[in-house]
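Okay, here's what each chain looks like letter by letter:
There are 2 protein chains.
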Amino acid sequence: MIPVSDHPPQTVDSKGTASIERVLIVGGTHGNELTGVYLINQFDHSPGCLARSSFKTVTQIGNPRAIAQGTRYVDQDLNRCFNFLAPPLSSRQHYEKERAKDLFDQYGAHGTTPVDFVIDLHSTTSNAGLMLILDHLDSFTLQLAAYLQGKEPEIKLYSSLGSGREHDSMRTLGRYRLGIEVGPIAHGTLQAELFRKTESLIHHVLDYVEHYNGGRRSAPLGESSSTSALTVYQYVGAIDYPKNEQGAITAMVHPQRQFQDYQVVNPGDPMFLTFAGETIGYQGKTPVYPIFINEAAYYEKGVAMSLTQRTNISPGN
Amino acid sequence: MIPVSDHPPQTVDSKGTASIERVLIVGGTHGNELTGVYLINQFDHSPGCLARSSFKTVTQIGNPRAIAQGTRYVDQDLNRCFNFLAPPLSSRQHYEKERAKDLFDQYGAHGTTPVDFVIDLHSTTSNAGLMLILDHLDSFTLQLAAYLQGKEPEIKLYSSLGSGREHDSMRTLGRYRLGIEVGPIAHGTLQAELFRKTESLIHHVLDYVEHYNGGRRSAPLGESSSTSALTVYQYVGAIDYPKNEQGAITAMVHPQRQFQDYQVVNPGDPMFLTFAGETIGYQGKTPVYPIFINEAAYYEKGVAMSLTQRTNISPGN
Numbered sequence: 004m005i006p007v008s009d010h011p012p013q014t015v016d017s018k019g020t021a022s023i024e025r026v027l028i029v030g031g032t033h034g035n036e037l038t039g040v041y042l043i044n045q046f047d048h049s050p051g052c053l054a055r056s057s058f059k060t061v062t063q064i065g066n067p068r069a070i071a072q073g074t075r076y077v078d079q080d081l082n083r084c085f086n087f088l089a090p091p092l093s094s095r096q097h098y099e100k101e102r103a104k105d106l107f108d109q110y111g112a113h114g115t116t117p118v119d120f121v122i123d124l125h126s127t128t129s130n131a132g133l134m135l136i137l138d139h140l141d142s143f144t145l146q147l148a149a150y151l152q153g154k155e156p157e158i159k160l161y162s163s164l165g166s167g168r169e170h171d172s173m174r175t176l177g178r179y180r181l182g183i184e185v186g187p188i189a190h191g192t193l194q195a196e197l198f199r200k201t202e203s204l205i206h207h208v209l210d211y212v213e214h215y216n217g218g219r220r221s222a223p224l225g226e227s228s229s230t231s232a233l234t235v236y237q238y239v240g241a242i243d244y245p246k247n248e249q250g251a252i253t254a255m256v257h258p259q260r261q262f263q264d265y266q267v268v269n270p271g272d273p274m275f276l277t278f279a280g281e282t283i284g285y286q287g288k289t290p291v292y293p294i295f296i297n298e299a300a301y302y303e304k305g306v307a308m309s310l311t312q313r314t315n316i317s318p319g320n
Numbered sequence: 004m005i006p007v008s009d010h011p012p013q014t015v016d017s018k019g020t021a022s023i024e025r026v027l028i029v030g031g032t033h034g035n036e037l038t039g040v041y042l043i044n045q046f047d048h049s050p051g052c053l054a055r056s057s058f059k060t061v062t063q064i065g066n067p068r069a070i071a072q073g074t075r076y077v078d079q080d081l082n083r084c085f086n087f088l089a090p091p092l093s094s095r096q097h098y099e100k101e102r103a104k105d106l107f108d109q110y111g112a113h114g115t116t117p118v119d120f121v122i123d124l125h126s127t128t129s130n131a132g133l134m135l136i137l138d139h140l141d142s143f144t145l146q147l148a149a150y151l152q153g154k155e156p157e158i159k160l161y162s163s164l165g166s167g168r169e170h171d172s173m174r175t176l177g178r179y180r181l182g183i184e185v186g187p188i189a190h191g192t193l194q195a196e197l198f199r200k201t202e203s204l205i206h207h208v209l210d211y212v213e214h215y216n217g218g219r220r221s222a223p224l225g226e227s228s229s230t231s232a233l234t235v236y237q238y239v240g241a242i243d244y245p246k247n248e249q250g251a252i253t254a255m256v257h258p259q260r261q262f263q264d265y266q267v268v269n270p271g272d273p274m275f276l277t278f279a280g281e282t283i284g285y286q287g288k289t290p291v292y293p294i295f296i297n298e299a300a301y302y303e304k305g306v307a308m309s310l311t312q313r314t315n316i317s318p319g320n
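Chains as they are written, first to last, in the numbering used here: chain Z, 4 to 320; chain F, 4 to 320.
Watch out, some of these pointers could steer you wrong.
Heads up, the list lumps identical chains together, so a pair's fine if it works in one copy or across two of them.
List time: in silico BS3-like cross-link candidates among lysine-lysine, alpha-carbon distance up to 30 Å [as the list claims (entries may be wrong)]:
1) 246 - 200
2) 200 - 304
3) 159 - 59
4) 288 - 100
5) 59 - 104
6) 104 - 246
7) 304 - 246
8) 104 - 304
Hint data in this document are derived by calculation from the structure and do not stem from the laboratory.
Using the sequences and the accompanying hints, generate a full structural model.
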C-alpha cells in the first residue's frame, strides 16, 4: 500500500474521532456525463432526501459551461485542474483552471465552506459496471467500500493511487473522497438503470457517513462484509493505441477485450486489431486486469485502457 | 409505398438500362462517428480493394472540421444541410452549409464529378445492429437490400421516407443512396467488430453494383433471398422526452426500452422512467417499432426514439 502524500486523512479510525461535518456531491465534472448532472438536478428538486442528522450534504454542478455545450470540457479536462502546486498551463484565459480555483476557494480545506468528504459522479463508455474510485486506501475508505459492496455485490473497487488523479482531480477538495464511475454509458446519454443504481449508492454512502459520525450510537450497519478481504484493482499504468509515425491510430481495441473490464489479460493475449485486420498481442510480461477499456475521452489522452493488478486488502475494523 | 418526389431514380430496372458509373462512399458526415472516418482512411491506404471493373468508387471525408474537434458538427448537423431549396438558416458564416454546397458542386447531378450512388457511413448509440437506411423503395434499392440481407441475415432495413432525410441528407447527392448505420457505438469510439462488419458490407454493396452494371454478363449473385418479402421498418414519426415547462428533460428512456430497437411497443407499454422513478407508458393507439432509441445526438433534436411500422415489401425482380 503506497503511503498517501497529500491531504492525508486526519483519522483512520472508524469510531469517529473526527466526524464528517460536510459532504459534497459533484455531478457534471465532465459536461457530457449526464448521469451526475441529472442526479444533482434531481437532488436539488428534493433536497430532503439527502438529509441526515449528523452532517450537511451540499451538491455542486462541476462544469456548467461544458454541460451547456455538451462536451467533456471547454479548455481542458476539469478533473486534471486541481493540482495548484503545478505550474499554470498557460497565461491565457482558461475556463477550467479558473473554475477549479473557484471551487477550491469555496470547498477546499481553507475555503469559505470547507468539505470533509467529496463524492464525484462519473460515467464511462467502458464496461465499468458500478466502480468505486478510491484515492486513499485508509480505514474509513476501505470500510465504506466494504459496506457498499455488502449492499451492492456487483461493485468493483479501483485504487487510483499512482494514476495522478489523487493529486489533480475534483475529489482532492476533500480529505475523504469517493469517485463513482458507472458504465457502459455513451457520453451525452442517460441510462435509467445505472442512474437508479448510482442514486441508490449515494444514499448508502450517506447512511454510512451517518453511522461513522454516530459511532456506537447509530444503528448497526451489518458486519457481514466488513472483515472480509476486499478485491481491489490497483492502477499500475496505461496503454496507448498503436500509432503510426504521424501519431494516427492504426488499430482498435480487440473484440476479445471490448467490454471485458476487470478480466485478466496474459502475455500474448489479443489487445488490438489493426484496421487491416491483424491482431496485436499484449506485450507485457505479467498478467494485468485492464479497466477503462475503450473510454471515448481517453483517445486524446493516449489511453486505450488502464492496467491494474488485482489485490486483496483487509478493510480492518 | 410513398412516391419519391426528388431525384427520382432514372431506372427501376435491375437489368442495367442505366449503369452506375461512379459510387461515392462518405465517412465522417458526423465528426464523432469514427467508424466511417477510419474506414475511409483505411480505404485510402489500400484503394485497390474498392476497385471493380464496371465503375469507379471515390471516397470522401464528410466533415473534416468536426472530426478535428471531435464533435458531430461545428455550426449545424451537416446531414441536414443538403436541401438547397430551403431558405438559408442565417446570413452569417456557416461551416456546414458551405461544406454541403461544396460537396454538391462536386458530386451533385450537375457537379464537376457527379456520382450515381452514395453510400454514407454512420454509427449510433442506439442498438441499430447493422441497419440499412433506404431513402427510396425502388427496385434497385430493394434488390440491393435483399442481396445484402442474404449475405448478412442480421441486417435490418429502415425506410426513412417522411423523416426529412430523403431531402436534406448527404445521401441526396446521389440518385441511388444507401445509409449504413451501425450500433450501439458510443460516439468518439471505434468498435472493431462493427468496423469489420461495415467494411464487409461495403464490399458486398460494390459487388452488387458490379452485378447490376453487368446484367446477365456478370457472375450470378445467388437468388435465395431476392424474391422473398423484405421486412422494412417504415418511419412514421418521432417521440420526444417528457419535459417540464422550462423545456428540461424530466424522464429517461425506460429500462424496458433501452437497446430494444425494432421490438414492438403496444399502447400502455413502458416508454420512460422519470427521475423520480415513475413509469410513463406509450400513449399511442397502435403498436409501433421504435428505433434510434436513446441516440445521443437526438437529445438536442427532441427525439428520444424514432417510431416505425413494420411492413413487408416484395423486392421484385
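> Looking back at the numbered hints, which does the structure fail to meet, lowest number first?
Replying inline: 4, 6
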